[in-house]
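Undergrad: Here are the chains, one letter per residue:
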Amino acid sequence: MRKLFILTVLLVLTSGVFAQDDAIGKFFGKYIDDSRFTVVSVSPKMFRLLSKVNWDTIPAELRQTVTRLQSLRILSTETTPQQFYKEALSRIDMKEYEELITIRNKNDNVRFVIKEAGGTIHELLMIAADEDGFTLLSFTGDIDLDKLSRLSSSMDIKGMEGLKNARRKNK
Amino acid sequence: MERQRIAALLERYWQAETTVEEERELAEYFRGPGVPPEWESYREIFSFFEQESEVQPGEYLEERIMQHIYPRRQQRMAWWAAAAVIILVSALIYLIQPAPKATMKDTYDDPQQALAAVQKALLTVSKKMNEGLHRN
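Chains as they are written, first to last, in this note's numbering: chain G, 1 to 171; chain L, 1 to 136.
If you are wondering where the hints come from, they were derived from the structure by calculation, not from laboratory data.
On a predicted model such as this, the values are computed, not experimentally measured, just so you know.
Heads up, a few of these hints could be off.
Chain G stretches covered by chain L per the calculated footprint, using a threshold of three residues with CB under 8 Å from any CB of chain L [said to hold, decoys possible]:
1. 51 to 61
2. 66 to 74
3. 86 to 98
4. 103 to 113
5. 141 to 151
Restricting the straight-line Cα-Cα distance to at most 30 Å, the calculated cross-link-like pairs of lysine-lysine (DSS-like) are [unchecked claim]:
6. L:Lys127 to G:Lys147
7. L:Lys120 to G:Lys30
8. G:Lys45 to G:Lys147
9. G:Lys86 to G:Lys30
10. G:Lys52 to G:Lys147
11. L:Lys120 to G:Lys52
12. L:Lys105 to G:Lys115
No residue lacks a Cβ here, since even glycine has one placed at the ideal position from N, Cα and C.
With the rest of the complex left out, here is chain G:
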């Protein structure tokens, strides 16, 4: 009887470990078949295949960043962005993440959170909502924030708008 009990406990524990999907998995799973949402997902397998494409037109900096990534998932919608933003924040277990950047505005909310272990950032999660829509975006892999932040300036992206009320929140 005691053996049975121990076995059961072990089973529950191990399956708990297996069940541990990334925190956004649940949120993702809920809306993946929802027609209001646009889903983009690039699996680790596809990331490995990326090495076969023609990289000639891709800037070196971007290339370095991409090759160290493992997966990408984006969930976006144009319907009721602020509502989904709130839902995402409440559903995603923020204890698993470390807060990086928070921009809070009346109609422009962005939150960057990361999962870090041993000095390496393994996941970068962006939750954003503005007039255009709601976006939940997750990169996994080995993420270099410095390189990532420099990408947009090197790629000639305008868009320094909406900065007035942005603020950085320290953990």
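Starting from the structure of chain G, add chain L where the hints point.
TA: Chain L only, in chain G's frame:
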């Protein structure tokens, strides 16, 4: 004479007419010395009976006998227990099974398109990040 008495007792013994006391007397006689050679074989018989009477039933004799009579019972219990464990375990596995990871179904089959999406996503993230960082 003792020998004649013993002969008479033996005669009655074989007829199963002796009393308990008489049988004890016989046993005593054959244990002692002075048994004539022609009765040597009787001595062996009586000492054998005496030895055998010392033998005690082993431990759990009754249980062992019952085990022989109904050997299936405990085995069947074991099978039921094993079946119960298997059912319980598979039920647990089934219940706790994580939701299928439909989320990691690739959106693109073409790596080139996937790369474009990744590139776009990276730029979006980078842009948003700068919005936050440059504020300070």
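Undergrad: Evaluate each hint against the coordinates.
TA: A quick look at each hint next to the structure:
Three residues within the 8 Å Cβ limit are the bar, and the stretch 51 to 61 of chain G against chain L gives 4, so the coverage statement holds. Taking a C-beta to C-beta cut-off of 8 Å, the stretch 66 to 74 of chain G contributes 6 residues in contact with chain L, enough for the three needed, and the coverage statement holds. Counting residues of the stretch 86 to 98 of chain G whose CB lies closer than 8 Å to any CB of chain L gives 0, which falls below the minimum of 3, so the coverage claim is violated. Check on the stretch 103 to 113 of chain G: 3 of its residues sit with their Cβ under 8 Å from a Cβ of chain L, so the three-residue criterion for coverage holds.
Chain L is given as covering the stretch 141 to 151 of chain G, and this holds because 5 residues of the stretch bring a CB closer than 8 Å to a CB of that chain, at least three being needed. Proximity of Lys127 of chain L to Lys147 of chain G is assessed by CA-CA distance (about 12 Å); at most 30 Å being required, the pair is judged to hold. The straight-line distance between the Cα atoms of Lys120 of chain L and Lys30 of chain G is roughly 24 Å, inside the 30 Å bound, and the hint therefore holds. For the proposed pair Lys45 of chain G and Lys147 of chain G, the alpha carbon gap of about 23 Å is at most 30 Å, so the pair holds.
The hinted pair formed by Lys86 of chain G and Lys30 of chain G meets the criterion: a straight-line CA distance of about 15 Å does not exceed 30 Å. For the proposed pair Lys52 of chain G and Lys147 of chain G, the alpha carbon gap of about 23 Å is at most 30 Å, so the pair holds. Under the criterion of a C-alpha separation no larger than 30 Å, the hint pairing Lys120 of chain L with Lys52 of chain G is consistent with the structure, at around 19 Å. Straight-line distance between C-alpha atoms of Lys105 of chain L and Lys115 of chain G comes to about 23 Å, which keeps the hinted pair within the 30 Å bound.
In terms of the numbered hints stated before, the structure departs from hint 3 and from no other.
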